[in-house]
Every structure is written in structure tokens, then in C-alpha cells.
Amino acid sequence: MTCAELRKELPELLEWDPSAKLHAHLMGCEACSELVRSLEVIIREARGLQACEEPSPRVWNSIEIALRQERLIRQPEPESRAALVPSLVRRWGVAAWLVPSAALVLVGAFLVIGRQPIGQMPGAESRALVQVTSRVDVSDQQVLEQLALDAPLMKAAYEKELSNVNEYIRDAQNLVDANPNDEGARQSLMDAYGQKAVIYQLALDRSLP
Amino acid sequence: MTDPRHAKGQPSEAEAIAGAKQGNAEAFEFLYNLHKRRVYSLCLRMTANIAAAEDLTQEAFLQLFRKIGTFRGESAFSTWLHRMAVNVVLMHLRRKGLAVVSLDETAEGDEDAPKKDFGAEDLTLSGSIDRLQLQAAVERLPPGYRTIFVLHDVEGYEHNEIANLVGCSIGNSKSQLHKARMKLREFLKTSRAEKAGKP
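For the record, the sequence lines run as chains A and B.
For what it's worth, this note's numbering labels the leading residue of the first sequence as 171, then goes sequentially.
For what it's worth, this note's numbering labels the leading residue of the second sequence as 84, then goes sequentially.
The set of hints was computed from the structure by calculation and includes no laboratory data.
Heads up, a few of these hints could be off.
As the list claims (entries may be wrong) - In silico SDA-like links for lysine to any residue, alpha-carbon gap of 20 Å or less:
id: 1; chain 1: B; residue 1: 104; chain 2: A; residue 2: 242
id: 2; chain 1: B; residue 1: 257; chain 2: A; residue 2: 228
id: 3; chain 1: A; residue 1: 325; chain 2: A; residue 2: 315
id: 4; chain 1: B; residue 1: 272; chain 2: A; residue 2: 207
id: 5; chain 1: B; residue 1: 266; chain 2: A; residue 2: 217
id: 6; chain 1: B; residue 1: 257; chain 2: A; residue 2: 183
id: 7; chain 1: B; residue 1: 119; chain 2: A; residue 2: 207
id: 8; chain 1: A; residue 1: 178; chain 2: B; residue 2: 119
Unchecked claim - Ranges between beta-carbon positions, derived for each pair:
id: 9; chain 1: A; residue 1: 190; chain 2: B; residue 2: 247; range: 29 to 37 Å
id: 10; chain 1: A; residue 1: 351; chain 2: B; residue 2: 180; range: 36 to 44 Å
id: 11; chain 1: B; residue 1: 166; chain 2: A; residue 2: 197; range: 36 to 44 Å
id: 12; chain 1: A; residue 1: 347; chain 2: B; residue 2: 97; range: 47 to 55 Å
Unchecked claim - To give an idea of the interface, some chain B residues facing chain A are shown, with a C-beta separation under 10 Å as derived from the structure:
id: 13; residue: 137
id: 14; residue: 151
id: 15; residue: 155
id: 16; residue: 181
id: 17; residue: 236
id: 18; residue: 248
All residues carry an ideal CB built from backbone N, CA and C; glycine is no exception.
So that you can see chain A by itself, here it is in the shape it has in the complex (with noise of 0.2 Å):
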């Protein structure tokens, strides 16, 4: 056997038990025996890259959060509505009610925004809307705060869920403010607010015991 014909080969000789023929030549020949031994090695390291990364956080709230959207996450009521609210005073202290508060702020600007144009916004209740918005800062910072203290290492990943959140309710409010008649733009930054309640819920539930 030659080394061409050895090569032509290969490619079934590294599958299957190589024949009396091919390992005679193996044998005799350096090189051939150099390339055999060269590409099982490179066959038997590859198996160890399996399963050898790890995705960061942002992955699973990513889809937890598409899950909740969608409604596949369904969970139970809790026994006691009454019970819920001293668990989050004792928990968290002034800054229990500010994350649901926060997220019903949301919503009732999510609604507003769904009733009419912004641009044909009386006066009052467009400085409602900014006082909102500046509101949602603070509360963003605030949640992150709470996050820091009771599940740290989950803070950098909402930091990043909000950061970019915030982008979507900015880059979706330019389009509203470009064309206030348009309800796809409208409904653009209603999806936008109501992903910024569902990561607050998400927060919340994250700190809870």
C-alpha cells in the first residue's frame, strides 16, 4: 500500500478498524503514522467540547420573560393576597410598594398612550406622562438597589433586561412622536411599558423569600 492509497482511505480507516494492509504500512511509514496519530487526537479532544460553555444569565431571563408574555408560565394564586403584602413590607421595607406601584404606573401609561395620540395630548396629562417616565427612573434604580441587596447576582442581568428595555420604550416613543396617528407605533410602546412591567414582576418575585 502506497501513502496516496493509504490517504484516499483515511477517511474509513479512522471510522472502522484499520486492515492488516494499512497497518503494515502504518508500520513502516512515519509520516502516514504521524497523520493517523495527529487526526485522532484532534477526534478525541473534539468530544470535549461538549457542553463545555455556559450561556450568560441574560439567556434564561430572556426567556423567562417571553414564557410569562406568552402565558406558558401560569403560576398558582397565591393562598393569601392579604399575607402577600406584610411579606413584602418585612422584605423590603418603603420599597415594597414600590415596584407594584411602579408597575401600575406602567400600565395606566401604557393605557393612556393606547387611548389617544400623544401629539393631541392635553397639556395636563402630557406633563403626566413625563412626570411618569421620570418616576420610572427612579424606580428602575431603586429596583436594582433592592435586587443588589437580596439576589445579587441576578442584578447585572436585570441591569441589562431595563437598559435595554428602556431602549425599546425610547426608540418606540420616537416613532410615536413621528407619527402619533400610527397604531402599530402605538402599540409598539404599549408592548414596550408592559415588558418593563413583566421585569419588575420578574424583580419582584426574584427578591421575594
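Given chain A, work out where chain B should sit, using these hints.
Below, chain B without anything else, positioned relative to chain A:
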């Protein structure tokens, strides 16, 4: 993939699947944590891009979780998930116009020319390979070679399965795999030569 029972109090995979069908958040998270490394590593190897790999991992799990109500347990859950992940990645590569597999059927190529393997200056590759070097070498492979190499040598698919997945012949799959291995050998030898300070 195994079906581990972790420390006391941890559910089995079957219990987690049942919980996920009921919409239990912890069950979904358990299944994700059980399989995330395998899926993400597959996506990363095949795309050589962290952002793309994370997006595709997310997409694969979401597709799985949306269909989890239809899982009947006839095959292993991990097999189902893995196949879904492979399809997600292949669709991504096709959408981006990256060659999933070369149409070149021939087995011989320049890398098989004996001249390149002979010579006193060639370094032997025998022995161990640094995993990071191998990772870097895999990333340098052309997309078509990389796909076949990852599916066969890293993930353990057989050629008939690969042929079915990527839409090529078994012969083409074998040919591409051989070329990929030869290319990796070339990259690794070059890397070793550079480390040894040779020109």
C-alpha cells in the same frame, strides 16, 4: 444526556417536564439549567459568535417550551431538544447565506498532498491538544466544514443523520468531515510552530 436526580429535594427530569406542562416556572428553569451548556456549546461551536449563540440558545429553548405539551416521552427529552437546537442553528446559517455544507463531493484536496506533510520542519501533533487552541481552530474553519465537524466529532451524530439534517449525501458528509479534520490539523500545527518561535 442522563436523567439525573440531583441533591435531595431536586426533581427528576420527568417530574420537571410534567411541571413545565402545568406552567410551573421552576420546572422550566430546571430543564433549562439541565441542558443549557450542551445547547449553548453546540450553538457557539457552529456559529463561532457569542451573541448569535445566545440568541439561538434562547430560540431553541423557546421553541421546545412552546411544544412541551406535545412531548410524550417516546424519545429522550435531550435528544428532542438537541435536534431542535441543531435545526435552529442550521436555519440561522442558511438565512445568513453561510454555506451549511459545501457541494464539493471530492475527497481529495490540496491538504491531502503528501508534500505538505513531509519535511524536517513539520511538527508532530501527537499527544495532547490545548482545548483553547482546538476551540480557536474550530472557529477558523469555513462554516460548511465547521458544521459537519461539530455535528460529527463534537456532538456525535452519524453521517446518515448529518446528511438528513443538512441536506447532503452521506459521501459528502464524510468528505467534508475529512477536510475539516485535515484543516484543523494544519491550523494546530501552524499554531504550535508560532508558539515555538519558528517562522
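Comparing the hints with the structure gives:
1. B:104 / A:242: holds (8 Å)
2. B:257 / A:228: Status violated; Cα separation ~37 Å.
3. A:325 / A:315: holds (8 Å)
4. B:272 / A:207: Holds, at roughly 13 Å.
5. B:266 / A:217: holds (18 Å)
6. B:257 / A:183: Judged against 20 Å, a Cα distance of about 12 Å means the pair holds.
7. B:119 / A:207: Violated, at roughly 33 Å.
8. A:178 / B:119: Status violated; Cα separation ~39 Å.
9. A:190 / B:247: 29 to 37 Å: At roughly 34 Å between Cβ atoms, residue 247 (chain B) and residue 190 (chain A) fall inside 29 to 37 Å, so the hint holds.
10. A:351 / B:180: 36 to 44 Å: The hint (36 to 44 Å, Cβ to Cβ) holds, given that residue 351 (chain A) and residue 180 (chain B) are roughly 38 Å apart.
11. B:166 / A:197: 36 to 44 Å: Cβ of residue 166 (chain B) to Cβ of residue 197 (chain A): about 42 Å, so the range 36 to 44 Å holds.
12. A:347 / B:97: 47 to 55 Å: At roughly 52 Å between Cβ atoms, residue 97 (chain B) and residue 347 (chain A) fall inside 47 to 55 Å, so the hint holds.
13. 137: holds (5 Å)
14. 151: Holds, about 8 Å.
15. 155: violated (18 Å)
16. 181: The hint is violated - residue 181 (chain B) has no Cβ within 10 Å of chain A, the shortest such distance being about 20 Å.
17. 236: Since the shortest Cβ distance to chain A is 4 Å, the answer is holds.
18. 248: violated (17 Å)
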